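Student: Using the hints, put the two chains back together into the complex; each one sits in its own frame.
Note that the protein sequences, when read in sequence, are chains A and B.
464 is the number that UniProt numbering gives to position 464 of the first sequence; each next residue is one higher, with no gaps.
298 is the number that UniProt numbering gives to position 298 of the second sequence; each next residue is one higher, with no gaps.
No lab work stands behind these hints, which were simulated from the structure alone.
This one's a predicted model, so the numbers in the text were calculated from it and none came from an experiment.
Each hint can be trusted.
Within a straight-line C-alpha distance of at most 27 Å, the following computed DSSO-like cross-link-like pairs (lysine-lysine) qualify:
1) B:K147 <-> B:K441
2) A:K339 <-> B:K317
3) A:K279 <-> B:K448
4) A:K28 <-> A:K89
5) B:K147 <-> A:K279
6) B:K448 <-> A:K487
7) A:K225 <-> B:K241
8) A:K105 <-> A:K123
9) B:K317 <-> A:K279
10) A:K225 <-> B:K237
11) A:K83 <-> A:K56
Distance windows between CB atoms, simulated:
12) B:R193 <-> A:P302: 47 to 57 Å
13) B:E285 <-> A:K147: 33 to 43 Å
14) B:H135 <-> A:D486: 28 to 38 Å
15) B:S283 <-> A:E440: 58 to 68 Å
16) B:G227 <-> A:A304: 56 to 66 Å
17) A:N104 <-> B:R193: 27 to 37 Å
18) A:R164 <-> B:R193: 30 to 40 Å
19) A:A304 <-> B:E229: 51 to 61 Å
20) B:E285 <-> A:I298: 31 to 41 Å
21) B:P143 <-> A:R145: 47 to 57 Å
22) A:P302 <-> B:E281: 40 to 50 Å
23) A:I298 <-> B:R138: 51 to 61 Å
24) B:S283 <-> A:D292: 20 to 30 Å
Heads up, incomplete: computed chain A residues facing chain B, CB under 10 Å, no partners named:
25) D197
26) H245
27) Y335
28) S363
29) H367
30) Y420
31) D462
Using N, Cα and C, we set each Cβ at its ideal position, and we do this for glycine too.
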Amino acid sequence: MAPKAPKAPKAQPKAPDPPEEYPTISAKLQAEYLASRPYQVLKDTKGLSNLSASEKAAYANYRFLETGVWKTWGAAQQKEFLKTVETQKIPTPLPLPRDLGRDNKGREIASYTPEGFAQFRKKERQLSGLRRESARFRERREKARRKQKGRGIEDSEGEIEDERNRRKFIGVLQGKKMGIYEGDPRWDDVVPIPQDDGEGALAAIAYSDEYAEAMGYLRAVMAAKEHSPRVLDLTEHIISMNAAHYTVWLYRASTLFALEYPIDKELSWVNEVALENQKNYQIWHHRQLLIDTLYPTISSDPTAIHALETSERDFMTQMFDQDAKNYHVWSYRQYLVRKLNLFNTTELQSIEVLLRSDVRNNSAWSHRFFVVFSDPAYCTPGSAATAHDPRIPADIADREIGFAKAATFEAPQNQSPWNYIRGVLRKAGRELASLEAFAEEFVKLPSESGEGEDVRSSHALDFLADVWAEKDETAKADTALRLLGDKYDRIRRNYWEWRRGLLDAGVEGKMKGLSVEDVS
Amino acid sequence: MTFPIKEKGHRHRVVFKRRRMPGTNPPSSSASASSTLDRALSSDPQDLHQQPGFVIEELPSGDEGLDFLSGGLGHPVAMATSAAMIPDLFTTPPCIRDPLNTGTSQLQDETIQECLPYLSGAEYGLEYNAQGVPHLDRKRHIPFLHKSLRNLPAPYVVADASRPWMFYWALTGLYAMGEDITQYRDRLISTVRPIQNATGGFGGGNGQMSHLAPTYAITLSLAMVGGEEALDLIDRKAMWKWLGALKQSNGAFQMSIGGEEDVRGAYCAVVLISILGLPLELSPESPSWSPEHTTLLSGLPEWVAKCQTFEGGISGKPDAESHGAYAFCALACLCILGDPRAIIPKYLDVPRLISWLSARQYAPEGGFAGRTNKLVDGCYSHWVGGCWPLLEACLEGPSPSHSSSESYSIKKPALEALGRSLYSREGLIRYILCCCQDETKRGGLRDKPSHNSDSYHTCYVLAGLSSAQHKWHFNATGNPMEAGLTRSSAYQWTSEKVVEDSQIYDEEDRVRTLHPVFVIPEGAAEEARAHFSSKEAF
Ligand SMILES: [Zn+2]
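Excised from the complex, chain B in its bound form (with noise of 0.2 Å):
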């Protein structure tokens, strides 16, 4: 199978060639990148189609042989001094690879050939340093997202119903990258204000229906501006009522009354009640009240319990596919609902979740993806990367007295030798920085090369950067099961920034901090907390 390389100035295309013997050994581990490279430059052509990886072939019209080097990369001498550095598990293709050729294996090949020129320090327009990483562009980034809030052309009118959503990732990149977002504030209150619904909640905009996306959109985006104004234009009451509306006697919520139920409804829910500080308890109004089902948080857990597959993973509902996507969702409910050393190992298979979310990475491109034979996407690195600082929380806190969680709990030193962390930072940041960074004058962040920046991915790829290049802390307060549903656990958590000598950035591309459950910068979450909590009952 040959994959024509797309970049301008290519001449050659890269040759994937399968493993014959499915006994062969794989290449040493010790065989770096530029080792490869040298022996595709210095051998017979034909000892070449006898190595397993990928060997270069020449498009008729080439003429200039295997210019791997200068055909069309860049600077050589930048591009050895770089590749030297950069370890061969990013620049070389799986040892182990099946003869099979599917659908699936045919995309999966194509993504790593298409990632591997900028994994490599291989790409035109990009800069590397001694790692072979480039910088995070923030002088294209920042205008991208400033833009992305500015009136949109016509076409936009497919995101007529998601608006809020460019009001919180715009907002969430920006301040991941160092700008004030309290520029926006009034601009914020007067563009939400006719998008909240009497009846509680908001809507994807002005006399749409109200649904939890758009609202949990608009109440974080409040909150990250905060100030009084902004805070307190939130219809709290309106919102208990609808969010009773849309609870199910199943334990589920619902997006919208009538709408779908999935595990983002369970996040989003429970990320209002909580940041707003509504009452617990279930209106007698609403349609799923019964004496054994009182308040907007019974059966919750139990529901989401039910999300996770036999694979580990967790599904957007029972029954359905293990996807990244609604990992986060679940674990960051869960954090919600209580001290996560206590509530995930209760409700979840830790060791098979953990299982399935590290399988979710892939080398060489680094990144992860959302689901079992999918391709890596940057919007992963939020959505499976921001996973780990949850688990690791409930795997490292002091022992819980519960003796089942403390069988697979793992003392501090232990993942301090793990470089502190459960799955390849390094990996991660790799390919964020390397491959989903639009090089163009465009800017912002994406999916992977071949697809454009949008601010979903651009926000979703910054956290999952913030994430990768940060510790968390669940600072934990007494004996987790007797705290039950303390509601106050997401709000104890606190971050270091993680050093390390081999540190693959540089200092000016580290990113501010998120908070890992709500996604909004550190701090905003506890001010809103803070003061909805002085508020009277209403």
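Here chain A stands alone, though its shape is the one from the complex (with noise of 0.2 Å):
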């Protein structure tokens, strides 16, 4: 790189000619360096013996001024020293360039063109400045905090979103956005808690920075217990995120709580989040929790408690169009009808529509069932589902077989209501060979000759199995458990077989009566 020494002995050793542009800062460097030492490189490039006297004596002095050997010597000789040093226009060597290191996005600064570097500099400069100054909104806060006691602190408006530009900027300066609660001057006074993985963790998720850095500050509020509006707000934004995190909608039920934030509010706002997550289930009892809270605070008022009825059933209606067999929509169904006594007609009326647009949704069965069966208006309270309650109402009961039959003449096949009659008879005490007739019409087993078999549901068979059992008629009740197992209901053959050995054990019958009360 360094262009040939003059040859001429007495001439001034020229510095080697900067180029006018330099490709990156750290050649404008070098060249400087070496521009700093002009006798240096002569002798690098002529050799010590080929130096012309003065140009060797000049080569002493700058290597003393290099090594800073003169600074020993005596005041007279050092200015001696100097004298020369001037006369001789050896210029003052400069260290040598210092390693620049990397910037953020881990290039190396060397790399930059010099107006680069010039700008480079300028925004951390900039950068400095605002980080001081943002230090200093910091100091200020804390310092009124601590006088206040940890009460919230007044700051102007102003103050705070001058301060939070001032950090979206040194985001913007710094190359990397800033985290949003980093930035947001009134989460300040928390230091968030990073997660604790474990050495080598398993199945560790690489978390977006913004998951991670709120979980940092939900983590830190949970260890000091903090139930403010600000925490509402956080934990709305990890449920955006992650709907299925229980910590966060539990500590989100004890923030309402503690503030008493209105639950009309928050149910919409959960509507909004079911509708989104259909499959996620902690925003059931959620609602839960908060239908718990509300309850008490409008038992005594009919209007309020049918409004709430009313905007329930429409909410559960539109889960239901997405998905009418919902498990976690049911379950807090049944919820409701037990805490707002919802056991009327409206409430069957409801299911009917579900069970008038898919007749074997069993959900809608199931909670009919309970809707009907569990009514504290003429129920034993705490009767088991699968036990006899006498104070079941006989029209109830017939109602109930009235309603299940028509729906067995739309799709024998559907096992829904064939299993509802049985549910009903059980509940009202009744024989399973009360409805022998009805479950007749689905099944006509062959005649001796083997002729005239016509069987339009496997349900009916095994009804009428049990029937023939309870009655028994054990060579029916086997021919019909036989037609299940080799033809009609082929899968459970195993079932049928043992239903055939209990019929041989003449248990059949008393199995039937076996109830959850009778064995206890």
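Tutor: Structure (structure tokens):
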């Protein structure tokens, strides 16, 4: 790189001509470094022995300068030395350019163009200025907070806004967006707690920066047991990223209750979240906690209860439009029926709407059974679903049997109404045989010559097998079970064979009467 | 109603033909898959439309006619041989089908059409044995589970509160497929340590509230990898206090403080109490303590009993709908509390329960559904399938002195005669091996062919497979009625292979055994229990 030193021994050794433009800042600094040691360059190119006497003298003086040995000399000698240096026009050698390191994107700063480097330096100065200002702002707020003993401090909105913008600017300058909470002065008093994942954690999730930061703040507010409006914002934010986070939901609930936040407002927010997260169940428990809190405040106001009943039912209808068998929604509905005492015809009609659109919706059947046979107006409290309840009015049982029968005619192979009918008969303490004629509408056993067999419902056949066992018509029961195993429900053959075995043992009839009460 | 088949290469669609006359006889049970196909291939199309079941209809673009065999369904020869070995039960739609179409029946029909090519030995990418059953593709499923324990990308954030399940599912599945899971011991220990809370129990991750589900998953994972360091990292005293705080005066357990209460809670809690050998007494600090309610188990089986519905199955909590997952939780919970021969009939209506469980198995799919009128799903191979060993033990033990349970107990020879089971092991195994294996390079097991595999389904499908391939025995000691809440009955199970002459899968496809109550490697719960019972009380 270094240009050839001039040949004329008397001539001043010239520093290598710096090119007008350097490709990089490091090239520029290197050139400047060499330019400040012309005699070193001269010696390196020509070799010491080829230097003229004056060049040798100048080189020696340069060496004294470079090593700093002249500083150890006496004052007079020093003075003489500096004079010579001046006469010989030996420049002061610049220190070796230091390593400029890398920028926040990992790029070698040395590879910047000189202009780029100047801009970089300017940005750095700007950044450190902003950081100083930001630090002063935090310090001031922290002091005020200590004075207020942790209670909210009043800062002018303007000042907070300025600081927020300052941090945004810092983020832009440093080329790395500042986190939402790190950039928000309202969260300055919280020191986020990073996640402790343990060494070589299994199934570690590569969280987004946004999620990781928010969770760090959540751990911190939970550790401080903080229940404040900003916790509602924080939990809403996390739920928007991960609705299946039970801790966040539970903490949000306790915060809502601590703040006496308006429940109706929360309910409508939860509606939106639920519609977007069909499979999530935390939402439904959260909703239940909300109703538990709301109910005592409106329990003596029938209008308010009615309004709640209507809006909840409407909302569940929306949910059922997307999935009419959503287990969590149905479980919530059962809870709500007990809580608001919805054992009424509106509830039954609402289920009938669902069954009209799909008579095979077993969730709807199951809910109907609960509504009809848990109604405190006529049911024995705590009566098991599989047990006889002597208080069930006959007309209710008749109505339900009629309802299920009608559904059975629509689709005889639909198991739901068959299970329902068995359930009703058990509740009402009636024999299965009371519906023998009905079940026979779907079943014609073959004659002895094997003719006339017509089975339109395996469930009817199953039902009749029990009816006939109940009536000790064992041969017929056995035929029914055999037909099931051999033809109409072959996948369950072992089960039907087991039932046949019970028939042989003559315990089928006894078995049917068996209920929880009988055993305990 | 027609159903386009999504698989590439198909140029026809299968039409599900409803029966026009409700009184028409179903096709004879002797009609085999191949004869149905023969009919389809040889008959006049007009004829076909009068047959119930499915027939083939050309798409306008199709130019190969009724090429059900060669139109993209693999090697015709292989197909023909295997189809002949597959009982038509698994290759033809059910013989009774109502004309009425609803959302439920539509989904059910679609599911049957989705599964039939897999069940008929006709699916691309699968290699079938002579019985029309593919091998268990361990070389793809094992890496799938190992991978699930490595770093996960950002979309897994939705699993941030259920990460401990990932450990449990992967370890259980890997063990079942023959892997050495102790290789994960050290990393499991360092992973779960920061998840434990000083107030007892584990959360879904560091800094999350304790919850019974992750606590169950982590405790069982630690028991699986075993070793003193793993077991002793659990703070049992804090756990006991925390369980006391979850206990409700109605007998149930909340999943977390202030959280929901359901049958999962009952099962998870008794698993912890049992494996960790925790004292039964309820801390008087517990909000549910009263002079009548003094133990962690007070009122618990009574509460579980309230979850049995009019259908006979078990719901998540009283008043709700019967659901397969809760049936397993309820039965397993009871089998920890006492001798299955006594405790199950004491608290549940066994005949109705068996009837409901049995109705969960469908044909032609062969697998289990979770609820009445819902679809088959691989995970119920465990949730419903796992109920059978418990119920069979309840039925087949030497008759207890208790009179009413005697009335339907079944003598051992009788069950032997039933292929030693109340359900169709063959149907379940066919569904698992034909329909639940991801046949792409992804690997893993799944809900049904149209669904992606995941570690949850991989675990529970394999657990179901294991249960279908083995027979469990409850080794009774003494009179079950006198034993009461013995707390030892969960440790009296032993297994043996189910070996049949007509076994439909090859011996190499048999997976290892998982404890019927704890669902971890056979022996692991016993070892953990022994470790903790040697500890002094705290
Ligand atoms: Zn599933």
